[in-house]
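Chain A is fixed; fit chains B and C onto it per the hints.
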Amino acid sequence: MRVTGEGRWKALRTVSRGDVVYRAVLTGLALLLPLLLLTLAAELVTNAWPAIRRFGFGFFATSVWDPVAGRFGALPLIFGTLYSSLVAMAIAVPLALGVAIFLTEFAPRWLRRPVATLVELLAAIPSVIYGLWGIFVLLPLLRDTLWPVVRPALVWLPIFRGTFYGPSVLAGGIILAIMVLPYIAAVSREVLLAVPAAQREAALALGATRWEAVWTVVLPYGRTGIIGAVILGLGRALGETMAVTMVIGNRHEISASLVEPGYTIAAAIANEFAEAVSALHLSALFYAGLVLFVVTVAVNVIARLLIWRVARGSAAGSAAI
Amino acid sequence: MARAARSAAAPAAHAEARLATDGLTAWYGPTAGIRDVSLAFEANRVTALIGPSGCGKSTMLRCLNRMHELVPGARVEGRVLLDGHDIYAPDVSPIAVRRTVGMVFQKPTPFPTMSIAENVAAGLKVGPPISRSERDGIVEQALRRAALWDEVKDRLGDSPLALSGGQQQRLCVARTIAPEPEVILLDEPTASLDPLGSARIEELVHELKREFTVVIVTHNLQQAARVSDVTAFFYLGALIETGLTAQVFTAPVQPQTEAYVTGRFG
Amino acid sequence: MATRLTRRVIGAAMTGATYSAALLAILPLAAILVMLVMKGAGSLDWNFFTRSSVPLGETGGGFAHAIAGTLMMVGLACLIGIPIGIGIGIFLAEFGGGALGTLVRFVADVFNGTPSIVLGIFAWTWLVKPMGRFSALAGGFALAVILVPIVARTTEEMVRLVPNSLREAALALGYPRWRTSLQIVTRTAGTGIVTGCLVAMSRVAGETAPLLFTALGNQFFSLRILEPMAALPLQVYSYAIGPYDEWNRQAWAGALVLILLVLVLGLGARLATRGHQRQA
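Protein chains in written order, with our numbering: chain A, 1 to 321; chain B, 1001 to 1266; chain C, 2001 to 2280.
One chain only, chain A, in its complex shape (with noise of 0.2 Å):
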């Protein structure tokens, strides 16, 4: 097997081109992710060209929604995406910053992977099946159970006034609230754990019961790390689609009371783009799709820029999200 002497030297002078070729086809397969990133936002722009030319900046702040007329108004949208969102945030950012501070200080060892998997589970179920079980748990339970028993407390306030009748921007936004649950939960988590324990430590040696340290070095510690989670958490309770328009009304109607229908931008799309009744409907709801898309960058964009300040490295973050 030995080859001896020149035959051996000879040997040594071969070059490896298979290294050229593996990077260069590796290298073009990547390219495609931004080339497709590119086509993305010029098929929005372009489909949504004639609706920008005609109603330019004015399609925010009209309300009218009316197809056959070929107005177009997308105040309603918006609104309604807003409003849901927040309203998702007000339930789900408080439970999910005590989930992961339950799961990363106070819960039992054997608790925590466990708890922590069963947070995950809520992350893995469908929108579909949340909208499902939306329309027909609820929904009555909202409205025939609860409602009665909260209304004379609450209905008086503005945003309670009006009429349960099931579907409204408050059921809209308690699924939201139980979708984006779980990605806050996870990211908090992380950036708790990212907290060095010497952090913690110093706080209880000095006589700081455990919520104390929690709350005023771990909390601060991981300040600009949670609130990407929260935004990273709003990214997605922006463009949720099925569960939201299962249970949220769809109706172009702006309302400052949760217990009426609304809308949102994804919901209208999912809605009326597949019986868009003229070209200009169809473009309307590519521009509405083109404002979600943008705001949806921006939102994850701020986000992870947040969090990778505080937990770098850790791509298992992104990559569970």
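Everything labelled a hint here was simulated from the structure, so no lab data went into it.
One side of the interface only, derived from the structure: several residues of chain C facing chain B at Cβ under 10 Å:
1. 2169
2. 2171
3. 2172
4. 2173
5. 2188
6. 2191
No experiment lies behind these values; they were computed from the predicted model shown.
Using N, Cα and C, we set each Cβ at its ideal position, and we do this for glycine too.
Below, chains B and C without anything else, positioned relative to chain A:
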């Protein structure tokens, strides 16, 4: 074979050397790991490279099989001659060099997704195509030469992760010798092994020199004394002294050498 | 200055609050799973798995077309998306240190955060509009667009985990860089990569929005990729919002099958990881 008249400070005659360096300097970015080293490695001998941490012995070793250049910002000046031909010549492929100069690392690294036999044959897969029976024969031979055959012959298809650290290291040796390199480099091969495992590797090194030129880096002076025929002492990137092991350890010429081998620093 | 007792009480209360939060978070999970089994299990009969939609008024219809459609389109998405995703992942791990790597990683994260309905209308512009018809191909493509960034990021992570010493050992044997990357490193990360793919598949199997105007859905059993095709989540959606009890009942059954599919894929991923960990 006459070595009697050789002085402790002069390098061995090039005529007997398989491998030799000539004015070798290796850079990590702006810092030089080794400077202007000219050293010859005799055929069928074990040469030990010794010196305190950071002296450049590992850098030296990695220049011999062109592994040094894998570090970003690394550069090499000077020549490394294998049978008189410079392996750093512009038209020489480092990959081909590495098939001629094999290396065993400090930490045993069997490939986890391959069986024991496949591990040994791994180096053959990048060589000229051979038949299965040829391959099996080479695997057996390599395992025998690595003193591992008897322990694994009944479980060649098993995962190497079931082997002990010392066995894994012998597997790595088998893997390195299977493709029949000319030179074998060992970078602190017993550093992560227990004494029994280390002893078996040292026995192995003794056997290997019958067919290969062996260069071993070690921070264990006793090991160097036991195992090598020639010892080269490095300090702060320079080759201070080289000569027959017995002489370097009992009658070193340079004061730094003496200080090191008597344990005054290191 | 709060007294020691006050502080202790607050501490206990907040601890209890976090316990409650955890409970409240898990409650919907239990509620949903229980409901799915209660309302759906009873409808999982032979007809459900072998027959497709039947006209209104008739009974004995099933979700065979939807189940087949989901398997078909997820399979299509995997065919397109997994090789590309793994390739991009390897690129990011092996060559991704520079500007291009940062850009690709950023873009992958942007895609991961884009609402799937937006990706659905994108697939519509690319495959439905020019072809003039809805098709399973468009549906599969939309799912592939979701799949690729997920697989890319998990693959990158898994390949990065392979210790550098393995790379060095292969290079020292004379393996060229590309074979080291492909035959040694990627192969070692193999189980992890498979896990990432399974996780991505389970995510994609449950997506409805991107299929709404690509595959559109179909009453009939069809495996023709150039025609509209039914899918499990689509069918659950239309039957859930429909006004007929029969439909609603089947929606629950379909949802149960869907969650089982998602969980099995996810479980598969976990088992694969555990086996790998035991080996290492």
